[in-house]
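Asker: Sequence:
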Amino acid sequence: MIVGPGLILALTATAQAQVFTARTNYATGRSPQSVVVGDLNGDGFVDLVAANVGSNDVSVLLGTGTGSFQSAVSYPAGPFPFRMAVGDLNGDGVPDLAIVNGIDPKVSVLLGTGTGGFSAPVDAAVGAFPEAIAIGD
Numbered sequence: 326m327i328v329g330p331g332l333i334l335a336l337t338a339t340a341q342a343q344v345f346t347a348r349t350n351y352a353t354g355r356s357p358q359s360v361v362v363g364d365l366n367g368d369g370f371v372d373l374v375a376a377n378v379g380s381n382d383v384s385v386l387l388g389t390g391t392g393s394f395q396s397a398v399s400y401p402a403g404p405f406p407f408r409m410a411v412g413d414l415n416g417d418g419v420p421d422l423a424i425v426n427g428i429d430p431k432v433s434v435l436l437g438t439g440t441g442g443f444s445a446p447v448d449a450a451v452g453a454f455p456e457a458i459a460i461g462d
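So for the sequence shown, our numbering puts the first residue at 326; every next one is plus one.
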């Protein structure tokens with residue numbers, strides 16, 4: 326994955342050919358800064374989430390299982406979302422997002438719906454200027 330101005334550049338490969346296919350561009354919100362991957366809707370396919378600092382949202386691109394992704398769906402995030410982690414934060418078995426907001430001393434949590442969508446963000450205060458985030462068990 327390569328994050329560019331308002332898009333993600335994706336290179337995919339097949340196990341049979343063991344070569345990359347031609348690059349595919351996927352539109353996102355403004356100024357994406359980071360990308361995380363996970364199976365957000367439980368279909369067994371890789372999905373993408375981009376944190377967009379220019380539009381204060383995240384773009385979710387659900388995988389199709391053929392090496393491509395559906396068009397992005399955006400969800401609000403906090404101000405200047407630039408780092409993310411994906412994992413089950415509330416123990417319901419569904420992936421959630423934790424997002425570092427670069428100009429606000431808060432982390433935004435978006436709970437997953439199980440269909441690849443997310444709830445409205447809930448903010449948690451953290452120390453000044455958080456720079457990274459990780460989720461573990």
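Be aware that a few hints might be false.
[Claimed, not checked] Pairs of lysine to any residue, SDA-like flavour, derived with a Cα cap of 25 Å:
#  : residue 1 : residue 2
1  : 431       : 442
2  : 431       : 360
3  : 431       : 398
4  : 431       : 450
5  : 431       : 368
6  : 431       : 404
7  : 431       : 411
8  : 431       : 358
9  : 431       : 350
10 : 431       : 462
11 : 431       : 396
12 : 431       : 356
13 : 431       : 414
14 : 431       : 389
15 : 431       : 403
16 : 431       : 410
17 : 431       : 451
18 : 431       : 390
19 : 431       : 400
I should point out that these hints are in silico values taken from the structure, not numbers from a laboratory.
Asker: Now tell me if each hint is right for this structure.
Answerer: So, going through the hints one by one against the coordinates:
Between residue 431 and residue 442 the alpha-carbon distance is near 22 Å, which keeps this suggested pair within the 25 Å criterion. A hinted pair counts as satisfied when its Cα atoms are at most 25 Å apart, and residue 431 with residue 360 qualifies at roughly 19 Å. Of the supplied pair hints, the one linking residue 431 and residue 398 holds, its CA atoms being roughly 23 Å apart against a limit of 25 Å. Only pairs whose Cα atoms come within 25 Å are accepted, and residue 431 paired with residue 450 is accepted, the gap being roughly 4 Å.
For the hint pairing residue 431 with residue 368, the CA-to-CA distance comes to about 31 Å; that exceeds 25 Å, so the pair is violated. At most 25 Å may separate the alpha-carbon atoms for a hinted pair to count; residue 431 and residue 404 meet this at roughly 9 Å. Taken as a hint, the residue 431 and residue 411 pair is honoured in the structure, with Cα atoms around 17 Å apart against an allowance of 25 Å. About 17 Å separates the Cα atoms of residue 431 and residue 358, which keeps this hinted pair within 25 Å; it holds.
Distance check on the hinted pair: residue 431 and residue 350 sit about 31 Å apart at the alpha-carbon level, beyond 25 Å; violated. Distance restraint check for residue 431 and residue 462: the Cα-Cα separation of roughly 22 Å lies within the 25 Å cut-off, and the hinted pair is therefore satisfied. The suggested pairing of residue 431 with residue 396 is violated, with an alpha-carbon distance near 29 Å, which exceeds 25 Å. Only pairs whose Cα atoms come within 25 Å are accepted, and residue 431 paired with residue 356 is accepted, the gap being roughly 20 Å.
Restraint check: the Cα-Cα separation between residue 431 and residue 414 comes to about 16 Å, which is no more than 25 Å; the hinted pair holds. Taking the CA atoms of residue 431 and residue 389, the gap is near 33 Å; set against the 25 Å cutoff, the hint is violated. Taking the CA atoms of residue 431 and residue 403, the gap is about 8 Å. The hint holds against a cut of 25 Å. Note on residue 431 and residue 410: the hinted pairing holds, with a Cα-Cα distance of about 14 Å set against a maximum of 25 Å.
A C-alpha spacing of about 5 Å is found between residue 431 and residue 451, which places the hinted pair at or below 25 Å, so the restraint holds. Straight-line distance between C-alpha atoms of residue 431 and residue 390 comes to about 35 Å, which puts the hinted pair past the 25 Å bound. Distance restraint check for residue 431 and residue 400: the Cα-Cα separation of roughly 17 Å lies within the 25 Å cut-off, and the hinted pair is therefore satisfied.
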